[in-house]
Each structure stands twice: as structure tokens, then as C-alpha cells.
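These protein sequence lines map, in sequence, to chains F and G. Each number in the numbering used here comes from the position in the first sequence (counting from 1) with 10 added on. Each number in the numbering used here comes from the position in the second sequence (counting from 1) with 8 added on.
What the hints contain is simulated information worked out from the structure, not anything from laboratory work. Just so it is clear, the structure is predicted and the values come from calculations on it, not from any experiment. Accuracy of the hints is not assured; some may be wrong.
[Unchecked claim] Result set (DSSO-like, lysine-lysine): computed pairs, CA atoms no more than 30 Å apart in a straight line:
| hint | chain 1 | residue 1 | chain 2 | residue 2 |
| --- | --- | --- | --- | --- |
| 1 | F | Lys-52 | G | Lys-79 |
| 2 | G | Lys-77 | F | Lys-89 |
| 3 | G | Lys-79 | G | Lys-25 |
| 4 | G | Lys-77 | G | Lys-65 |
| 5 | F | Lys-55 | G | Lys-79 |
| 6 | G | Lys-73 | F | Lys-89 |
In case you want the letters, here they are:
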Amino acid sequence: RKEVEQDPGPFNVPEGATVAFNCTYSNSASQSFFWYRQDCRKEPKLLMSVYSSGNEDGRFTAQLNRASQYISLLIRDSKLSDSATYLCVVNQAGTALIFGKGTTLSVSS
Amino acid sequence: EAQVTQNPRYLITVTGKKLTVTCSQNMNHEYMSWYRQDPGLGLRQIYYSMNVEVTDKGDVPEGYKVSRKEKRNFPLILESPSPNQTSLYFCASSPWGGSDYGYTFGSGTRLTVV
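Take the sequences, apply the hints, and build the full model.
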């Protein structure tokens with residue numbers, strides 16, 4: 011099974027900063043793409059799906075480049091509550107979500 | 009409330025003592041799956057089920073069994089637990105395997121095998 015790779019961080023940023031996370035996936039047959047958020051010792055929660063046209067949800071913007079097999083997440087105006095681990099996730103062959111190991115974000119006041 | 013319920017949340021057991029972690033979902037989802045999460049290794053799939061009576065191995069199935077007799081339930085069985093199965097376990101469900109909606113996860117089971 012091919013992998014999903016992302017920079018583990020940690021990313022330490024002040025409140026109000028803009029931060030970008032990147033992710034690459036190796037299987038070009040991957041079908042759907044997501045960003046999940048995981049707080050310490052808790053279950054992953056879906057942050058947003060990612061589409062080729064790009065999509066935005068409030069302060070969060072996700073982009074997918076299928077040709078480069080590259081996924082990104084941009085967080086604008088970071089809040090303390092954004093501190094978490096962000097997981098890049100790919101649905102491969104409809105049988106499993108393949109998770110990156112996560113990028114840790116710490117937002118400080 | 010739509011949810012995936014796992015039990016127990018925490019479990020400490022001894023090597024070789026059979027245990028079952030239960031998972032139940034109330035969303036009529038066809039697809040269910042078990043993952044384990046370990047430091048430095050991320051989330052890895054143990055087993056999955058595309059529908060009732062249909063189960064298949066994920067990336068790390070050794071030492072585990074599952075069954076899917078009913079749509080809502082997908083228990084994870086450790087017949088003879090060993091210390092290397094100490095981990096954080098998550099059950100997840102989805103309308104179907106290729107769903108664009110992602111998975112809904114249970115709250116996790118933290119298992120320690122001594």
C-alpha cells in the first residue's frame with residue numbers, strides 16, 4: 011500500500027498567523043481526499059473534504075492537485091483553539107482511508 | 009445523535025487473556041473499520057467490513073479477529089493479547105467504502121497488555 015506523507019512539524023505560530031500544511035500521496039488511483047483534525051488522545055474528526063476545484067470553510071482552505079498528487083491546507087487568522095494535529099487522508103480503492111502521520115500545530119498567544 | 013460507540017474506553021489486561029472491544033454505529037452505515045494508532049506510526053487499518061458478513065484484512069491484521077453479523081456492530085477480538093498490541097484503537101464507519109463523506113470515528117479504546 012502506498013503512503014501519504016506530510017511534514018510532522020511542529021508548527022509553532024502566534025495567534026492571527028496564517029499557516030500552511032502540505033501533503034503528498036503516492037497512489038494516483040486515490041479517489042477522495044480529506045483533512046482530519048485530532049486533539050491529543052481523542053478520535054480524529056473530519057475537518058473538510060478536499061476537491062480539485064479547491065474549497066473553503068471559514069478560515070480554512072483546502073486544495074488538491076491531482077497531477078502533482080499534492081494536497082494542502084491553509085489556516086488563516088489562527089486561533090488558540092486551532093492547536094491540534096492535522097491529518098492528511100486519502101481514500102484508496104474504497105477499502106481504506108490512508109492516514110498521514112500528522113502535522114502538529116501549536117498556536118500561542 | 010449519530011455516533012460510533014466503542015467500549016470499553018480503557019482496558020488493562022494480561023498477556024493471553026482473550027478480550028473483545030465492541031463497536032456499534034447508529035447511522036445504518038454499510039462500511040466499518042478498525043484502526044490502531046501508535047506513536048510514530050500513525051493510524052493503521054486492522055480490518056474492515058464493506059457490509060454484513062463481508063470482512064477483510066487491513067494492513068496489520070495479525071493477532072486480531074472481527075465479525076460482522078449485524079450491520080450496526082463490528083467487534084474486535086484479541087484471542088491471545090500480547091504486549092505489542094498495547095495501543096489506542098479506533099472504530100470507524102462510513103455510508104460506504106468509497107464515501108466522499110469520510111469516516112466517523114468512535115472515541116477510542118486505550119488498551120494496555122501487561
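Structure-based check of all given hints:
1. Lys-52(F) - Lys-79(G): holds (25 Å)
2. Lys-77(G) - Lys-89(F): violated (45 Å)
3. Lys-79(G) - Lys-25(G): The hint holds at about 27 Å.
4. Lys-77(G) - Lys-65(G): Holds, at roughly 17 Å.
5. Lys-55(F) - Lys-79(G): holds (22 Å)
6. Lys-73(G) - Lys-89(F): Not OK: Lys-73(G) and Lys-89(F) at ~42 Å, beyond 30 Å, violated.
Figure legend: structure checked against the earlier numbered hints; hints not met, in rising order: 2, 6.
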